[in-house]
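Participant: Here are the chains, one letter per residue:
There are 2 protein chains.
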Amino acid sequence: MNVTILNIGDELLIGQVVNTNAAQMSQMLTQAGMTVAGVFTIGDCAEDIRNYLHHCLAISDAVLMTGGLGPTKDDITKKTLCDFFGSELYENAEALENVRRIVASHGRELTETNRLQAWVPRCCTMINNVLGTAPCMWFETNDRPSKVVVSLPGVPFEMVNLMETEVVPRLQEHFAVGAIVNKNLLLHGIGESFLSDLIEPWELALPENIRLAYLPQPGLMKLRLTARGANSATLQRQISEAVSALYPIAGQYIMGEDAESLPELVAHAMAMSGRTLATAESCTGGNIAAKLTALTGASAYFRGGVVAYSNEVKESALGVRHETLVRHGAVSEATVREMAAGVRERLGADFAVATTGVAGPGGGTPEKPVGTVWIAVASAAGVTAELLHLTGRRAQIVERTCNAVFAALLRTVRE
Amino acid sequence: MNVTILNIGDELLIGQVVNTNAAQMSQMLTQAGMTVAGVFTIGDCAEDIRNYLHHCLAISDAVLMTGGLGPTKDDITKKTLCDFFGSELYENAEALENVRRIVASHGRELTETNRLQAWVPRCCTMINNVLGTAPCMWFETNDRPSKVVVSLPGVPFEMVNLMETEVVPRLQEHFAVGAIVNKNLLLHGIGESFLSDLIEPWELALPENIRLAYLPQPGLMKLRLTARGANSATLQRQISEAVSALYPIAGQYIMGEDAESLPELVAHAMAMSGRTLATAESCTGGNIAAKLTALTGASAYFRGGVVAYSNEVKESALGVRHETLVRHGAVSEATVREMAAGVRERLGADFAVATTGVAGPGGGTPEKPVGTVWIAVASAAGVTAELLHLTGRRAQIVERTCNAVFAALLRTVRE
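Chain order of the listed sequences is U and B.
Take any residue in the first sequence, count from 1 to its spot, add 2: that is its number in the working numbering.
Take any residue in the second sequence, count from 1 to its spot, add 2: that is its number in the working numbering.
With the rest of the complex left out, here is chain U (with noise of 0.2 Å):
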């Protein structure tokens, strides 16, 4: 069962806003067992929206539309699709309510402008929206079976609600979808090319229903196998015999499976452990803090950090000696000891990381070029540190430590 998406914007074509809508829609999809064959973003504009709607109905059994659903001028879809199905626009009493409902809880009056979001064409099956004034719109076509037309709000956590609770069941159970199974692992210390004249065999004898993907990000590899057939514990025994098979070959680079990030693996070894952790951040800026937070639960392990930009914050909050500063420079060995034992002891946690380096783009010097970090774990059984030299610009090299410290952590954390 084939699924295109169409996502309506302006903003997505002259680059202001970068389409995650896309990726999330197209990964809760094949999930669900769907196929994506194509992603299309347009303008808006009436006759693109009509013209790449015929296309992706010619090509796929159901598309899936986001965007131009606001109240503002440039906003045309919906009355575009009313058009394109030969229907009328009406006010949907539900979508009314729902608006009403949204529009007090910010405290303010219902105007004309909110009013309108709740008309919808009359031939589509209104789903209301609970977290936004654009609703949901459903619509079948006449083909036999019939295609299925999704309008959906460009809001992303609007859109992935309506996802999660309507859009995918409704679509599962309309095109009675078959079986997916699908597996994770995260690989770290190899890059792509090596990674493939390693495993080269291996994947040559995958079943033939097993799809493998290589999914690079700055320091890290996530290879993805994707099953589909008809039996769901087939296609689970299948990819467990794959992986096992990968373990000899690669094991010493899988930091885990069924995971989308080092920071979850982190999250689970820590809360296993049932031990604390604190951070010490300097070219890293609050990155590694951030990323560890942004997963729920993080208060259960994470005590907190101190993002020591200055010398004299590493001096004053982390208690690294000023000699140490002036001997050995911010950006050294012996200064990303003394942060990760500094920040491990003044915030009580059991396990720390600290980071120092030349983010760049400036900064750089011969002895020590953009691209030198220094990073550091500290425990009770003391302090590792390793030397990086990454390449890249800022965000990357920032991206790269991040990931290059959870390793470190993680493989502390599990001796």
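If you are wondering where the hints come from, they were derived from the structure by calculation, not from laboratory data.
A virtual CB, placed ideally from N, CA and C, is assigned to each residue, including glycine.
A few of these clues could be false.
Anything over 12 Å on all C-beta distances counts as not near chain U; from chain B, calculated [stated by the list, open to error]: (1) K149; (2) P209; (3) R213; (4) L217; (5) H270; (6) G276; (7) V315.
Chain B regions said to be covered by chain U (calculated; three or more residues, Cβ under 8 Å) [claimed, not checked]: (8) 113-121; (9) 189-202; (10) 338-351; (11) 379-390.
Given the coordinates of chain U, assemble chain B onto it according to the supplied hints.
Facilitator: Relative to the frame of chain U, chain B by itself:
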């Protein structure tokens, strides 16, 4: 002059990777005076690549492709392009030298898989990718005037560098592109519907060659004016007049111009003031520090911060009084004021900001439901605090809190 973007990769269709390339490319092309007619995302499938290449060439003057250039089995773009243009692959000496240099910089030997990266179709112009092993390829069709197809690597920082230094300048020259002027305004404290009602008369009075886009983000509204025409100076004057006319209507919400985010405005305001900043974060978990340090030059004003996730750290690292936490709770005006004053004093900064709140999904109570957030700004003049009632999921609540903090800080610094 119309451009289409064709992003290739199964990883995009299964939603494991967010297509940030589309947004970055669209932004660069739009700001260079080109119009993006559509963005198409398809899988690593030769037939789809051929079909959409034909479609894109039919509706646009240039097609920019990304992805599918890696050394792994599922990367087939190069072979497909070679067939499409009826050419053959050869080993390009300059590309090989580049691959050799990059592999050597990682301290590794050149493998056969690495070497395959240097093969390109004879009919293309090879554009060297100094940041990665996959070369960029420029093709021209036999049409009059000739259309252009460019194949770029999918790795974001490699693509960005090639676009900036090679592809955009070559496209502007090849197609003799007209003038364009963009203007961004960042607004805080008003939602899309209410802003739309407020500025409707102004919007209707805009010259026909100026287009307005609403670009809402959590807790922030970006308005983008785009003027097209023959003469840059005329467009600049039109834009200035339009912006001047907006201030009497909505000036109280306008935080600044010509910036992509509030942290950019904060960085500018701090640099102008010559003062320093410190942060004390609870519910934002390091995001304020991470957003500020994502911009180069943050070290000129940012001394550092404390992520005080646990109450013990609020006391020990920020000096919040135990009685305050016991009597008022961690999410309270009294606590946020002591956090801001404490971090300002301990880190020796001129300004300080603090956050404490319930980001959810757990932790809410009837008195302090999810979305209850206190923020504070401390300066030599004292501490001001503000209570926010936010909606959305954890990530949105964090984003909205960050933007509220940046807006409050900007008002204080500018006073």
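Participant: Now tell me, hint by hint, if it's right for this structure.
Facilitator: Right, here's what the structure says about each hint:
1. The claim that K149 of chain B lies off the interface holds: its Cβ sits roughly 19 Å from the closest Cβ of chain U, which is beyond the 12 Å cut-off.
2. Annotated as non-interface, P209 of chain B keeps its C-beta farther than 12 Å from every C-beta of chain U; the closest such distance is 15 Å.
3. Not every Cβ of chain U is farther than 12 Å from the Cβ of R213 of chain B; the closest lies at roughly 8 Å, contradicting the non-interface assignment.
4. Not every C-beta of chain U lies more than 12 Å from that of L217 of chain B, the closest at about 5 Å, which undercuts listing it as non-interface.
5. Separation of H270 of chain B from chain U is adequate, the least Cβ-Cβ distance of about 17 Å exceeding the 12 Å criterion.
6. In this structure G276 of chain B is separated from chain U by more than 12 Å, as the shortest Cβ-Cβ distance comes to about 15 Å.
7. Not every Cβ of chain U is farther than 12 Å from the Cβ of V315 of chain B; the closest lies at roughly 4 Å, contradicting the non-interface assignment.
8. Closer than 8 Å: that is the beta-carbon criterion, and the segment 113-121 of chain B has 3 residues meeting it against chain U, so the requirement of 3 holds.
9. Counting residues of the segment 189-202 of chain B whose CB lies closer than 8 Å to any CB of chain U gives 6, which reaches the minimum of 3, so the coverage claim holds.
10. With 3 residues carrying a beta carbon less than 8 Å from a beta carbon of chain U, the segment 338-351 of chain B meets the three-residue requirement, and the given coverage holds.
11. Chain U is given as covering the segment 379-390 of chain B, and this is violated because 0 residues of the stretch bring a CB closer than 8 Å to a CB of that chain, at least three being needed.
Consistency note: the structure conflicts with the earlier hints numbered 3, 4, 7 and 11.
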